[in-house]
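Asks: Okay, here's what each chain looks like letter by letter:
There are 2 protein chains.
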Amino acid sequence: MAESHPHAGETLSDSTVPKVVVSRLSLYLRELQRLQMDGQETISSGQLGALLGFSDAQVRKDLGFVGQFGYPGVGYRCDELVQAMRDILGTNQPWPVAMVGVGNLGLALLGYRGFGRQNFSIVAAFDADPAKVGQTIQGITVQPLDQLRATVQEKHVRLGMIVVPGSQAQEVAERLVAAGVEGVVNFAPVTLTLPPHVQVVGVDLAIELEQLSFAVTNKGTPLESRP
Amino acid sequence: MAESHPHAGETLSDSTVPKVVVSRLSLYLRELQRLQMDGQETISSGQLGALLGFSDAQVRKDLGFVGQFGYPGVGYRCDELVQAMRDILGTNQPWPVAMVGVGNLGLALLGYRGFGRQNFSIVAAFDADPAKVGQTIQGITVQPLDQLRATVQEKHVRLGMIVVPGSQAQEVAERLVAAGVEGVVNFAPVTLTLPPHVQVVGVDLAIELEQLSFAVTNKGTPLESRP
Numbered sequence: 019m020a021e022s023h024p025h026a027g028e029t030l031s032d033s034t035v036p037k038v039v040v041s042r043l044s045l046y047l048r049e050l051q052r053l054q055m056d057g058q059e060t061i062s063s064g065q066l067g068a069l070l071g072f073s074d075a076q077v078r079k080d081l082g083f084v085g086q087f088g089y090p091g092v093g094y095r096c097d098e099l100v101q102a103m104r105d106i107l108g109t110n111q112p113w114p115v116a117m118v119g120v121g122n123l124g125l126a127l128l129g130y131r132g133f134g135r136q137n138f139s140i141v142a143a144f145d146a147d148p149a150k151v152g153q154t155i156q157g158i159t160v161q162p163l164d165q166l167r168a169t170v171q172e173k174h175v176r177l178g179m180i181v182v183p184g185s186q187a188q189e190v191a192e193r194l195v196a197a198g199v200e201g202v203v204n205f206a207p208v209t210l211t212l213p214p215h216v217q218v219v220g221v222d223l224a225i226e227l228e229q230l231s232f233a234v235t236n237k238g239t240p241l242e243s244r245p
Numbered sequence: 019m020a021e022s023h024p025h026a027g028e029t030l031s032d033s034t035v036p037k038v039v040v041s042r043l044s045l046y047l048r049e050l051q052r053l054q055m056d057g058q059e060t061i062s063s064g065q066l067g068a069l070l071g072f073s074d075a076q077v078r079k080d081l082g083f084v085g086q087f088g089y090p091g092v093g094y095r096c097d098e099l100v101q102a103m104r105d106i107l108g109t110n111q112p113w114p115v116a117m118v119g120v121g122n123l124g125l126a127l128l129g130y131r132g133f134g135r136q137n138f139s140i141v142a143a144f145d146a147d148p149a150k151v152g153q154t155i156q157g158i159t160v161q162p163l164d165q166l167r168a169t170v171q172e173k174h175v176r177l178g179m180i181v182v183p184g185s186q187a188q189e190v191a192e193r194l195v196a197a198g199v200e201g202v203v204n205f206a207p208v209t210l211t212l213p214p215h216v217q218v219v220g221v222d223l224a225i226e227l228e229q230l231s232f233a234v235t236n237k238g239t240p241l242e243s244r245p
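Protein chains in written order, with this note's numbering: chain C, 19 to 245; chain V, 19 to 245.
Here chain C stands alone, though its shape is the one from the complex (with noise of 0.2 Å):
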């Protein structure tokens, strides 16, 4: 499970990215996202580690991994770097999302500006609670769980998000899965039992306040500004 082994032929070809590369390619990719926005066209691999809080080293070997490597006396190319990044984590294309859940998470998640960023798109959301159902939120209306499986087919949707109570996201998440979804972001605090083909992501929020008080405890040791 260390290393990725993609089919011949898809969007790594023939080389292979360990998984804690992939890990950090999304950062990568925020990084020259804002500097695209700022109108800058290069960038050094010294000067994007800097940015993140990673060596020299440790940024051009991650971009070895990805096929990017640099032009002498001038570094890499902003929008190269992002067009490959795009590639490998398949945000080249857009992702149609089924949301199962609408409390408080999943009315913030609704809401949330990111996502279209990246080529991530909400397009449905259900609720078991007869009361959410029909209610229109930023444009989607909600629906009951008896229609997943029409509109993730009629939708295309490939990708769920879970965000209900624990203690009913694993009969949510083999819903989703009945229904043809591929994978599943799961931001209820249970762990799922899933079928091998499903792949599955798990939140957890308490990771940035760890990340934050490491830093605060030892101090000079300041984590990058992200935002």
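Treat the hints as calculated values from the structure; they're not laboratory data.
Some hints could be false.
If the Cβ cut is set under 10 Å, some of the chain C residues that face chain V in the computed set are [said to hold, decoys possible]:
(1) L47
(2) Q217
(3) E226
From the three backbone atoms N, C-alpha and C, an ideal C-beta is built for every residue, glycine too.
Could you slot chain V onto chain C? The hints should help.
Replies: Same frame as chain C, but now just chain V:
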């Protein structure tokens, strides 16, 4: 910025922990806490790595950084690892947190169970909206912003959580810093400019979706199932 340089005599004594390792400590800690709940007392580096998709060698190197080297024929004791991680992350002590912004996301965070488990506790909540001030949510009564400084000092708050719209985030961050907060988690989609002694961690909820789109695009690269 690639290496941490804690003050001598602090939790890390004479060792230094690279920042990329720190970001993995939270992941190790979660798995170890889950194993403990299941009654498991010891674990090998290979087993721990398999749970997270890291190599045996990577795990041994990371745990060496935090001063843990395991026992021959036994592996690592889960309780010792958890204690060591918490010592370094700073979560061996309780952290009172002040939250500013009681919108949908703020309401969700007030009810989030995962914070308490890691020794974080939201002890005060603030909002600029007079209609929200005075409401009691999860036992916390929303206060006006002009009470921020007094409450931060009275409750010994060192960390702040910014959950306001982007347009208000910088001002709120400055008020938190003026009140004496040493670090902030920023959920607003803007980059904050704060004095260098203040630690900032930004939250980007699209990162989890990107890791998922990578996994779905590159099948055969299962991500670990995290809670």
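Asks: For every hint, state whether the structure bears it out.
Replies: Hint check:
For the restraint placing C/L47 at the interface with chain V, the shortest Cβ-Cβ distance is roughly 8 Å, inside the 10 Å limit, so the hint holds. Contact between C/Q217 and chain V, as hinted, is supported at the beta carbon level, the nearest pair being about 4 Å apart and thus within 10 Å. For C/E226, the suggested interface contact is upheld, since its CB lies about 5 Å from the closest CB of chain V, less than 10 Å.
When held up to the earlier numbered hints, the structure conflicts with none and fits them all.
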